[in-house]
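Enquirer: The lines below spell out each chain.
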Amino acid sequence: MKEKLLILKYSEIALKKNNRKFFENILISNIHRRLSNFDYSLDVKFGRIYISYHDDKIIDILKNTFGLIGVAPCIKTKLDLNLLKENIINEIKKYRNKQKTFKVIVKRTNKNFKYDSYQIARIIGSSVLKNIDNIKVDVKNPELEIHIEVRSSFYMYFHTFKAVGGLPYGSSGSSLVLLSGGIDSPVAAYKMAKRGVKISAIHFHSYPFTSKESIDKIYSLKSKLENYTRNIKLYTANILEAQKILKKNTDERYFTVLQRRLMTRVANRIAKRKGILSITTGENISQVASQTIEAINCTNEISNIPIFRPLITDDKNDIINISKSIDCYDISILPFEDCCTVFLPNKVTTRPKLGQIIYQESLVNIEELVELTLNTIEM
Amino acid sequence: MYFDNAASSKISPAVINNIENIVNNYSNPSSFHDKGRELRAVIDETRDIIADLLKIKSENVFFTSSATIANYISINSAVKLNKTDRRHIITSDFEHDSIKKNLIFLENKGYKITRIKPVKGLIRSEDIINSINDDTFLIAIMRVNNETGSINDIYGLKDILREKDIKFISDCVQAFYKVETDINKLGIDYYIFSPHKIGSLKGIGVLISKKENLTPLYLGGNQERGIFSGTENTTGIIALNYVLKDLKHRDLTIVKKIKTIFRDFILKFGGNIIEANHTSDYILSASFNDIPPQVLSNIASDNGLYISFGSACHSKSKDISNSFIYCSKDLLTAKNAFRISFSPYNTIEEANRAVKVLENGVNYIRGIL
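These protein sequences, in sequence, are chains A and B. Numbered according to my numbering, the first sequence spans residues 1 to 379. Numbered according to my numbering, the second sequence spans residues 380 to 748.
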């Protein structure tokens with residue numbers, strides 16, 4: 001079987017100067033890990049990654065690899081222009097689908113090759129015109145682009161599959177995502193991961209007041225996210241005991257914010273224990289009562305590490321579109337209760353003041369609530 | 380502590396104790412050698428036992444692969460064999476999906492469907508009779524509702540059905556061996572039941588009907604007189620044979636005693652019993668106004684008690700089952716409904732333990748909410 005070859009194109013890593021090697025190394029080790037079930041070989045030359053492979057499934061995996069912006073299946077030919085011409089003509093005949101115009105784009109990294117880019121383009125162009133029917137040159141809007149890279153061999157490709165972009169997973173610190181099971185938080189996790197951030201997750205539930213299915217759902221979401229990341233460590237915490245105490249002792253209007261602060265405290269503890277550098281939430285301004293800026297101020301205030309909210313200004317529709325594109329949507333909309341809704345109060349303050357919240361917390365032993373919740377953690 | 384027997388019964392000890400005889404049936408009952416004929420004899424004997432029990436002819440017992448497909452064969456046969464231009468079907472408003480959805484399909488093809496609403500939780504024969512018109516050719520009404528256990532009154536229809544040549548399908552899945560149902564007296568043309576609801580194995584259904592009232596869905600090796608071709612589920616049939624023989628000697632009154640234990644508990648703890656005037660001893664539906672059934676279910680299940688709970692917590696009224704709504708005094712009662720269902724293989728001791736689990740669960744939830 002003829003070996004197939006891919007050229008992988010980097011995203012903005014290429015723009016990094018001193019750190020380029022750092023990002024590139026992480027990207028390459030991520031690719032090795034993601035392709036570990038396949039037969040392939042990887043070669044890095046002149047700032048490009050080449051992969052020779054057999055199974056086309058590899059292309060989809062690479063398209064979903066953070067740090068890559070494009071994946072181009074290509075043909076490698078030794079530095080022999082006649083051979084190149086022949087290969088190109090054959091490939092056009094196979095690949096062409098009614099395209100009537102073309103352009104040859106040459107990139108010559110190998111300065112020892114006897115022809116320059118312009119000459120190569122002309123030679124190939126005239127050969128195409130001579131051998132292919134009904135096709136002409138259009139340098140502005142060609143329907144068919146013939147890319148030729150001149151290195152120690154020729155590399156020729158027509159089409160580049162768009163890849164997800166972003167930075168290599170694990171190249172930009174770490175974050176603990178508050179994963180609720182709704183539509184937003186998995187998207188927030190995805191966006192952070194796409195920026196290279198290593199993700200862990202914590203899920204709060206109120207079993208038996210919430211169902212086992214709702215926890216299974218979190219595991220399903222985690223495994224969808226893992227299509228893009230490495231294994232995600234998931235912590236599940238039962239917040240029921242703390243909810244009981246809050247419900248008995250505090251004003252129900254503040255319940256949501258008090259609960260949110262409790263979750264933030266617990267997340268801070270886990271992050272500290274595990275050396276995680278930040279917290280991520282799917283909060284979105286004013287989507288629900290606990291997500292007004294006033295309420296966010298109240299939760300933000302007790303965190304010792306930054307809380308990132310990558311969806312803060314996104315429109316719901318945009319969030320849904322990402323959720324669908326990462327295959328989480330159908331899971332997220334499954335109708336299991338998450339813990340936020342069980343003790344839903346009748347009246348909610350949408351604009352809590354910090355003073356009020358601190359007073360409410362003085363009515364219970366907050367440290368005890370944090371400990372009670374931490375003691376339930378499973379992973 | 381298993382009390383979800385209406386969904387699928389605890390397996391009869393007669394099956395467990397004879398499992399090797401039941402499973403070790405490798406031959407094909409259509410083969411003419413001794414091993415095949417042996418198996419054919421067991422199938423025929425099982426047919427005879429059922430026929431005896433229901434006072435019908437053995438040749439009218441057809442084994443299928445589930446009650447669902449038996450229901451479908453019945454509907455399909457009644458429709459295909461209806462050579463008149465009558466297009467009206469009468470059914471109840473709380474049938475099992477295997478009847479309900481197939482009738483909706485026919486409705487979309489132009490058939491007229493009358494859905495009789497239960498009065499005080501059950502269908503009355505007078506309402507069925509009043510719905511009959513010259514266009515009516517089929518009636519499909521279950522004998523016992525699977526969620527509330529209501530026993531529908533379907534007596535007194537036979538004469539008018541015969542007079543007007545109307546076929547009668549009755550899904551008797553929750554009635555067989557549980558609620559007295561006289562096929563001849565009732566004039567049922569298609570009687571369907573499911574062995575796994577009485578302690579036998581899954582993967583088999585039984586259809587009682589006359590051959591002339593049936594038409595196959597597909598063609599094949601002519602097993603079951605051509606009505607349900609395909610090698611017989613001999614394992615399921617032998618198991619059923621054992622179960623039926625065992626039930627003959629079993630004390631079935633225990634079911635009522637067990638039901639009373641649960642009933643008393645629910646009333647003592649301020650719950651509502653959801654029931655019609657005539658209700659099966661095998662099913663008890665109830666609810667507590669202040670207890671989300673899903674939460675009670677989780678606690679019960681964690682303590683080894685398995686009971687069936689309605690739909691998910693946040694279901695809106697449209698998601699609540701019709702059966703519960705028709706039997707309940709208000710929507711909240713229906714919304715919080717759960718079902719406890721019994722088998723003669725349950726024990727009093729098991730029921731007492733189960734009630735203790737429910738009591739702890741109810742107290743725990745009340746302590747929080």
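Hint data in this document are derived by calculation from the structure and do not stem from the laboratory. All of these numbers come straight from a predicted model, not from anything done at the bench. There could be a bad hint or two in this list.
Here are the computed lysine-lysine pairs in the DSBU-like style, where the Cα-Cα straight-line distance is at most 30 Å [stated by the list, open to error]:
{"#": "1", "chain 1": "A", "residue 1": "Lys63", "chain 2": "A", "residue 2": "Lys114"}
{"#": "2", "chain 1": "A", "residue 1": "Lys78", "chain 2": "A", "residue 2": "Lys21"}
{"#": "3", "chain 1": "B", "residue 1": "Lys414", "chain 2": "B", "residue 2": "Lys459"}
{"#": "4", "chain 1": "A", "residue 1": "Lys247", "chain 2": "B", "residue 2": "Lys636"}
{"#": "5", "chain 1": "A", "residue 1": "Lys162", "chain 2": "A", "residue 2": "Lys212"}
{"#": "6", "chain 1": "A", "residue 1": "Lys4", "chain 2": "A", "residue 2": "Lys274"}
{"#": "7", "chain 1": "A", "residue 1": "Lys140", "chain 2": "A", "residue 2": "Lys93"}
{"#": "8", "chain 1": "B", "residue 1": "Lys459", "chain 2": "A", "residue 2": "Lys212"}
{"#": "9", "chain 1": "A", "residue 1": "Lys248", "chain 2": "B", "residue 2": "Lys434"}
{"#": "10", "chain 1": "A", "residue 1": "Lys63", "chain 2": "A", "residue 2": "Lys100"}
{"#": "11", "chain 1": "B", "residue 1": "Lys589", "chain 2": "B", "residue 2": "Lys636"}
{"#": "12", "chain 1": "A", "residue 1": "Lys248", "chain 2": "B", "residue 2": "Lys581"}
{"#": "13", "chain 1": "A", "residue 1": "Lys212", "chain 2": "B", "residue 2": "Lys624"}
{"#": "14", "chain 1": "B", "residue 1": "Lys488", "chain 2": "A", "residue 2": "Lys212"}
{"#": "15", "chain 1": "A", "residue 1": "Lys244", "chain 2": "B", "residue 2": "Lys488"}
{"#": "16", "chain 1": "A", "residue 1": "Lys247", "chain 2": "B", "residue 2": "Lys647"}
{"#": "17", "chain 1": "A", "residue 1": "Lys244", "chain 2": "B", "residue 2": "Lys459"}
Pairwise CB distance ranges, derived in the manner of DEER restraints [as the list claims (entries may be wrong)]:
{"#": "18", "chain 1": "B", "residue 1": "Tyr685", "chain 2": "A", "residue 2": "Lys274", "range": "54 to 64 Å"}
{"#": "19", "chain 1": "B", "residue 1": "Thr614", "chain 2": "A", "residue 2": "Ser29", "range": "23 to 33 Å"}
{"#": "20", "chain 1": "B", "residue 1": "Val498", "chain 2": "A", "residue 2": "Ser223", "range": "47 to 57 Å"}
{"#": "21", "chain 1": "B", "residue 1": "Asp476", "chain 2": "A", "residue 2": "Gly165", "range": "45 to 55 Å"}
{"#": "22", "chain 1": "A", "residue 1": "Thr313", "chain 2": "B", "residue 2": "Gly649", "range": "29 to 39 Å"}
{"#": "23", "chain 1": "B", "residue 1": "Ile395", "chain 2": "A", "residue 2": "Asp60", "range": "13 to 23 Å"}
{"#": "24", "chain 1": "A", "residue 1": "Ser223", "chain 2": "B", "residue 2": "Ile747", "range": "25 to 35 Å"}
{"#": "25", "chain 1": "B", "residue 1": "Asp476", "chain 2": "A", "residue 2": "Ile28", "range": "31 to 41 Å"}
{"#": "26", "chain 1": "A", "residue 1": "Ser223", "chain 2": "B", "residue 2": "Ser680", "range": "45 to 55 Å"}
{"#": "27", "chain 1": "A", "residue 1": "Leu374", "chain 2": "B", "residue 2": "Ser387", "range": "53 to 63 Å"}
{"#": "28", "chain 1": "A", "residue 1": "Asn304", "chain 2": "B", "residue 2": "Asn739", "range": "48 to 58 Å"}
We treat Cβ as the ideally placed atom computed from N, Cα and C, and that holds for glycine.
Enquirer: All hints are to be evaluated individually against the structure, with a verdict given for each.
Expert: Consistency of the hints with the structure:
no.: 1; hint: A:Lys63 <-> A:Lys114; result: violated (35 Å)
no.: 2; hint: A:Lys78 <-> A:Lys21; result: holds (29 Å)
no.: 3; hint: B:Lys414 <-> B:Lys459; result: violated (38 Å)
no.: 4; hint: A:Lys247 <-> B:Lys636; result: violated (41 Å)
no.: 5; hint: A:Lys162 <-> A:Lys212; result: violated (39 Å)
no.: 6; hint: A:Lys4 <-> A:Lys274; result: violated (43 Å)
no.: 7; hint: A:Lys140 <-> A:Lys93; result: holds (22 Å)
no.: 8; hint: B:Lys459 <-> A:Lys212; result: violated (46 Å)
no.: 9; hint: A:Lys248 <-> B:Lys434; result: violated (63 Å)
no.: 10; hint: A:Lys63 <-> A:Lys100; result: holds (28 Å)
no.: 11; hint: B:Lys589 <-> B:Lys636; result: violated (38 Å)
no.: 12; hint: A:Lys248 <-> B:Lys581; result: violated (48 Å)
no.: 13; hint: A:Lys212 <-> B:Lys624; result: violated (40 Å)
no.: 14; hint: B:Lys488 <-> A:Lys212; result: violated (41 Å)
no.: 15; hint: A:Lys244 <-> B:Lys488; result: violated (54 Å)
no.: 16; hint: A:Lys247 <-> B:Lys647; result: holds (28 Å)
no.: 17; hint: A:Lys244 <-> B:Lys459; result: violated (61 Å)
no.: 18; hint: B:Tyr685 <-> A:Lys274: 54 to 64 Å; result: violated (38 Å)
no.: 19; hint: B:Thr614 <-> A:Ser29: 23 to 33 Å; result: violated (54 Å)
no.: 20; hint: B:Val498 <-> A:Ser223: 47 to 57 Å; result: holds (51 Å)
no.: 21; hint: B:Asp476 <-> A:Gly165: 45 to 55 Å; result: holds (47 Å)
no.: 22; hint: A:Thr313 <-> B:Gly649: 29 to 39 Å; result: violated (50 Å)
no.: 23; hint: B:Ile395 <-> A:Asp60: 13 to 23 Å; result: violated (49 Å)
no.: 24; hint: A:Ser223 <-> B:Ile747: 25 to 35 Å; result: holds (32 Å)
no.: 25; hint: B:Asp476 <-> A:Ile28: 31 to 41 Å; result: violated (54 Å)
no.: 26; hint: A:Ser223 <-> B:Ser680: 45 to 55 Å; result: violated (25 Å)
no.: 27; hint: A:Leu374 <-> B:Ser387: 53 to 63 Å; result: violated (41 Å)
no.: 28; hint: A:Asn304 <-> B:Asn739: 48 to 58 Å; result: violated (41 Å)
In this structure, the earlier hints numbered 1, 3, 4, 5, 6, 8, 9, 11, 12, 13, 14, 15, 17, 18, 19, 22, 23, 25, 26, 27, 28 are contradicted, and the remaining ones agree with it.
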